[in-house]
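Undergrad: Each chain, written out:
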Amino acid sequence: MTNTIADIEEADVILVTGSNTTENHPVISSFVKRAITRRGAKLLLVDPRRIKLAEFSDKWLRPNLGTDVAWLNGLMHVIIKEDLFDKTFVETRTEGFEALKATVEKFTPEHVSEITGIPAKDIVEAARLYAGAKAASILYCMGITQHTTGTDNVKSLANLAMLCGNLGIRGGGVNPLRGQNNVQGACDMGGLPNVFSGYQPVNDPGAISTMEKAWGVKGLSDKPGLAVTEMVPKAHAGELKAMYIIGENPLVSDPDLNHAEDSFAHLDFLVVQDIFMTETAKTADVVLPSCCFAEKDGTFSNTERRVQRVRKAVEPPGGVWEDWRITAEIASRMGVDMRADSSESVFAEIASVTPSYRGITWDRIDRDGLHWPCPAPDHPGTPILHAEAFPIGKGKFFAIEYIPPAESTDEEYPLYMTTGRLLYHYHTGSMTRKVDGLNERSPESFVEISKADAEKYALKDGERVKVASRRGEIEVVLRVSDKAVDGTVFIPFHFAEAAANRLTNAALDPVSKIPEFKVCAVRISKAA
Amino acid sequence: MDENTILINGNRLTIQPEETILEVARRNGIDIPTLCHLKGAIATGACRICVVEVEKARSLMPACTTPAQPGMVVHTESPEVVSSRRMTLELLLSSGNHNCAVRKSDTGSFTAFQLEVQKYDNADELCPVWGDCELQDLAYRYQVSGEAFESTPPKYPMETVNPFIVRDFSRCILCGRCVQACNDIQVNNAISFGYRGSEAKIVAGGDRALKDSDCVFCGECIQACPVGALVEKDARYACRPWETRKVRTTCSYCGVGCQLTLHVKDNKVMKVTGTEDALPNNGSLCVKGRFGYSFIHSPERLSTPMIKENGAFREAGWEEALNLVAKRFTEIRDAHGGDAMGVLTSARVTNEDNYVAQKFTRGVLKTNNIDHCARL
Chain Y
1 MTNTIADIEE ADVILVTGSN TTENHPVISS FVKRAITRRG AKLLLVDPRR
51 IKLAEFSDKW LRPNLGTDVA WLNGLMHVII KEDLFDKTFV ETRTEGFEAL
101 KATVEKFTPE HVSEITGIPA KDIVEAARLY AGAKAASILY CMGITQHTTG
151 TDNVKSLANL AMLCGNLGIR GGGVNPLRGQ NNVQGACDMG GLPNVFSGYQ
201 PVNDPGAIST MEKAWGVKGL SDKPGLAVTE MVPKAHAGEL KAMYIIGENP
251 LVSDPDLNHA EDSFAHLDFL VVQDIFMTET AKTADVVLPS CCFAEKDGTF
301 SNTERRVQRV RKAVEPPGGV WEDWRITAEI ASRMGVDMRA DSSESVFAEI
351 ASVTPSYRGI TWDRIDRDGL HWPCPAPDHP GTPILHAEAF PIGKGKFFAI
401 EYIPPAESTD EEYPLYMTTG RLLYHYHTGS MTRKVDGLNE RSPESFVEIS
451 KADAEKYALK DGERVKVASR RGEIEVVLRV SDKAVDGTVF IPFHFAEAAA
501 NRLTNAALDP VSKIPEFKVC AVRISKAA
Chain L
1 MDENTILING NRLTIQPEET ILEVARRNGI DIPTLCHLKG AIATGACRIC
51 VVEVEKARSL MPACTTPAQP GMVVHTESPE VVSSRRMTLE LLLSSGNHNC
101 AVRKSDTGSF TAFQLEVQKY DNADELCPVW GDCELQDLAY RYQVSGEAFE
151 STPPKYPMET VNPFIVRDFS RCILCGRCVQ ACNDIQVNNA ISFGYRGSEA
201 KIVAGGDRAL KDSDCVFCGE CIQACPVGAL VEKDARYACR PWETRKVRTT
251 CSYCGVGCQL TLHVKDNKVM KVTGTEDALP NNGSLCVKGR FGYSFIHSPE
301 RLSTPMIKEN GAFREAGWEE ALNLVAKRFT EIRDAHGGDA MGVLTSARVT
351 NEDNYVAQKF TRGVLKTNNI DHCARL
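Respectively, the protein sequence lines represent chains Y and L. For the first sequence, counting from 1, position 122 maps to 122 in the numbering used here; every step adds exactly one. For the second sequence, counting from 1, position 64 maps to 64 in the numbering used here; every step adds exactly one.
Please note that the accuracy of each hint is not assured.
Unchecked claim - In silico DSS-like cross-links for lysine-lysine, where the CA-CA straight-line distance does not exceed 30 Å: (1) Y:K282 <-> L:K327; (2) Y:K282 <-> L:K211; (3) L:K265 <-> Y:K312; (4) L:K265 <-> Y:K218; (5) L:K233 <-> L:K211.
Just so you know, these hints were derived from the structure itself, not from any lab.
The shape of chain L in the complex, shown without the other chains:
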């Protein structure tokens, strides 16, 4: 056998130095499911969903942390692997409020369960991330109903006391992706694992509310969460993924130029996420980029031109307003020269807007008196 290859599901694949089994598989389009694995962070091997069978190994190995060794023979969906994944999923689904109707058709028990969940949720819908949940996807993929074990009720109440993030401990599977997002990716070091065993909980500082902790509400944790444990407060139950159109654009706040995805429903931006795998931000955002979008639909937005008369504004039509501006600009330019006029273009508007503004200043007003607030 070649020194630099392994066999995955019968495919001979070249390995690169320090690659894990997961990385070799993904690079070659072989899908190994993961839950706790977060791109860009250090793999922990905590959730055991990515286990694979390695011939001659004594037990199943987590693909995310196991280095690919030359000559390895790996099976990613063998009966033993599938059985292990099903057990892991059963255990995850049995703890907390996973009301995504992956359960079997025992109407009575589901109804009772759903009613309990609704009390906790203070809502009458299925899980807020139904259809956008990696645990749900895996439950379907491996046909796991979550009824093999008696379900355990949530241990901690939901936290809703900040304006941006709902922390729903009933749906947390303790995968640790949020902890990695906070500590390894954004390096805000606001949250960590707290308590032990069945009391385990993701805590902020000494188990405080996020608003009283070091949290800066970048929301990286929401984007990292594979389930419904961390959800944008304003988007929770307001939109489902299939209802929204996704539009990629560039953030309109600071000069970093983060790539954003706007989730649009009924001509309204419902939520914002960082565009994954796109430079410069690799999916990361800050509080303004992720949560500072409601100004778009503010009732204070201007929608019609205004002309001031006797010290007060009145609404005007576009023709009237544009004609007035053109007339006054022409008069002032012709009477006092172009240098009696000044234009401030903007560090907020597009290149196209800025280009036309300077073209207008120079070509029509005939002055170079144009600037913007780069200095301010």
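Bound conformation, chain Y alone:
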């Protein structure tokens, strides 16, 4: 997030898109709802499903799946045409406006309406609503990113925010809501194929030399590595021989699971380190048990870049270790001593080689966390990014054309399917599905369908149905719901025994390598 969670309550208009906030980030949703009910902020919701937040919205747009660039360009078309943009911000803080203007020129409300299914007048009204706010915050989540155009979608949101001067101010910002406790930290720490910790490129000679010195090793590779979605096909091709998987369950979370399973089976050697015997661990050659969050000291970095303490409360079963200690033990058996006295001393090393974490110590975050960048011991942290300038100087507008999703419906697969999460479960369910109460509230998977579609395909609420895509088939319960829009069904991906990802498309965004979980084509029939 460019801004903080608390800052949401400062916004006059909140644009929520591709985020089922009340189910996926319930506590953040309360900040949104309070801004509306107590401060009179207005909610502009853009989501195909009738999610809970629709009840709180001033304006709700229901775009066809995968048409985000089109409606965003449509909003900007109106804002430029009606002269509602922030000229001072555009002039002093950005570049590339003319190219943006030329590109959005053809995205008239009528044209956008044809692509997105959103009525033209709603495009105009939404544009006026967003542009009319003194401070407008954008909250988005996987509904924006999990597309073959995910990067374009995010850049388009940034375009919109810059166009209206909504960056670097309280109540503004472009705010991705990150789905997992430490997904921010995993990125910050260099758990990515192209960067060391603090987003230092792996092909930057300066960064390589810093790391080699700090780690006492030589010969670090300067060739960017493979993303998870690229490792799977490489494993299938036999080029990737071994994997070491720590606390992840790709055999439920990856797209096109049937293919992913086949690919993992090609590996010569698979090590899985986890707290449970997950679907992925079952396929491993060696399984190493580790501590859960309540059994270790450390830090997580949240969605607002706040680095916070994790504290050990109980002893782990069987005296197992923290993940880093296990990894360090493997390293020392391979001739590199990576052992450390404590998690705190590992953190001190992180701070020493990571500019954005340099000023953070466990002492400083004992009570309240600090927002990175925090480059020095006396630096107060950075709750709001880009207040004075962008890291690259001027903010760059990207002129982006609309590209349709990778897969479309046809006679054989006539319905669109999108995936997501439920309030009562978390990711692949390895933790929440061990909790009786959560299972009682949400016992099994389902496919959510509109009443009209259920009638069209002669399906009844509560009956078991087969959902098939070009890649696989699952059996789930049919749930007729007014959340669903005609022509599109929704399936949660938590449930391994009816894994939505057997159906999803592994087509990737060319830049971010994110799969298009949010759009594929399916057919539904009664279960035999």
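We have chain Y; now place chain L onto it with these hints.
TA: Only chain L this time, still in chain Y's reference frame:
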């Protein structure tokens, strides 16, 4: 007198715009007791525990809703105030199952009362929040026994039909904090005041069970409840506050990073509460953060390394497992190069775990093939 000051118990205090008497007092460390007041919500002045004497006012004024006016002279513990608070407490204690033994030493009547309560509770202990109850604290503070009035039995049966929250109407004092927590703080709008007068009850929807209502089991109401009317089902009678060690940590579910307090007894997490006055969540949690902790102690947790042989796992010692992993990784790296290997680190584990994982991948396996499920 200064234009911007008031006198509380003889202390001259500066007031800020729109402050209530309660806020001025609290800011200056003067304790005015409250029951219905909930931080972050709009004050209602319903319970009248916070009444104070304001000179020249015709009656006692609730400190939580009365704006501090320049020149006010306030007494927070005058005999009249104390007498009013005692009466309020007597009335609260006389209605329902307040079996916290604040009662006087009439053994016979307490025993009879306790036996009745036990039937309702289906348990043989004192109140489940004994020692963790604001009403009990005030009863002690003002030496109120709850026997001035004939006690009235509970009107509504306990609701236990959901997995997380026990609604014990016999201990509800209708302060409305849960209603505010639900409507003003979490804005889930699931519960409200229902019925009137002596039939009053906190209801969900049209007086349905929580499980059949709009309730999303965030449990904000439990944390707001000053008494034992709303209690975590699993923690009820399982632990008393003095038996548990409190450990503050960060939630391990979504990316909000809510600050949690784990209540630990005998190496077991017994319950979870939101850490008050801590950002980013200010004490709020969701159903997963508050109630989704039993996986920690699941019998399915892995506790020993496993090695697969002929398609089946067998348990192995750490030395054997780590040596095997190191040997195979070394062989594969040396035979095919580091780029034939890949590591998935995790969005669930700590920064320290992630940092060491990428250091290992780059420094030992000699590849940049490392990623995690940020995209998934």
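Undergrad: Give me the numbers of the hints this structure contradicts, sorted from smallest to largest.
TA: 2, 4
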